[in-house]
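Just so we're aligned, residue 41 is where the sequence shown starts under my numbering, counting upward by one.
Think of the hints as simulated: they come from the structure by calculation, not from any bench. Just so it is clear, CB atoms sit at the ideal spot from N, CA and C, and this is done for glycine as well. Hints may contain errors.
To be verified - Simulated restraints, written as ranges between beta carbons of each label pair:
id : residue 1 : residue 2 : range
1  : HIS85     : ASN119    : 14 to 20 Å
2  : ASN81     : ALA131    : 17 to 23 Å
3  : LEU120    : ASN54     : 30 to 36 Å
4  : GLN150    : PRO55     : 22 to 28 Å
5  : ASN95     : LEU135    : 30 to 36 Å
6  : ALA93     : ARG159    : 18 to 24 Å
7  : ASN95     : GLU133    : 40 to 46 Å
8  : GLY94     : CYS151    : 25 to 31 Å
9  : ARG52     : ASN119    : 21 to 27 Å
10 : SER80     : ASP129    : 34 to 40 Å
11 : ASP148    : ALA79     : 16 to 22 Å
12 : ASN98     : PRO55     : 28 to 34 Å
13 : THR136    : ASN95     : 20 to 26 Å
14 : ARG110    : ASP148    : 32 to 38 Å
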Amino acid sequence: MLVAGPGRGAPRDNPNLHGPYEVEFRGILSGRARATVSASNVHIHPAELRDGAGNIVNFHAPNLRRDGHRFSGAGTSGNLTVRVVGRVDPATETLTKPRLVCTFETSDKQCGRALGWKR
């Protein structure tokens, strides 16, 4: 039997999270990139990052769908597909400005993280 009752409802968007972020990558790729957060998605702009051997690798994740504070989707890292999962945290007493945090995994099973702050 299915019982109807109060639910959480759709997550509310926080416009204070929208805008540009400076993002630092670590793990299998390192370097800096720019990201933009909107009401519906997160866009990690094309960036030239470095792999462990010092080679330049192009990284791009253009349409990571937001669901409340969380986001996920696919992008590319060189010729590999990348799965990105993360969140955008609002400013608090501890966080002086909004923060973007994500992990990524390439199609050949290598992983890394990225952390960024709203500009």
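Okay, the hints, checked on the actual structure:
no., hint, in the structure
1, HIS85 x ASN119: 14 to 20 Å, "holds, 19 Å"
2, ASN81 x ALA131: 17 to 23 Å, "holds, 21 Å"
3, LEU120 x ASN54: 30 to 36 Å, "holds, 33 Å"
4, GLN150 x PRO55: 22 to 28 Å, "violated, 35 Å"
5, ASN95 x LEU135: 30 to 36 Å, "holds, 34 Å"
6, ALA93 x ARG159: 18 to 24 Å, "violated, 31 Å"
7, ASN95 x GLU133: 40 to 46 Å, "holds, 42 Å"
8, GLY94 x CYS151: 25 to 31 Å, "violated, 19 Å"
9, ARG52 x ASN119: 21 to 27 Å, "violated, 39 Å"
10, SER80 x ASP129: 34 to 40 Å, "violated, 18 Å"
11, ASP148 x ALA79: 16 to 22 Å, "violated, 33 Å"
12, ASN98 x PRO55: 28 to 34 Å, "holds, 31 Å"
13, THR136 x ASN95: 20 to 26 Å, "violated, 35 Å"
14, ARG110 x ASP148: 32 to 38 Å, "violated, 25 Å"
The earlier numbered hints that this structure contradicts are 4, 6, 8, 9, 10, 11, 13, 14.
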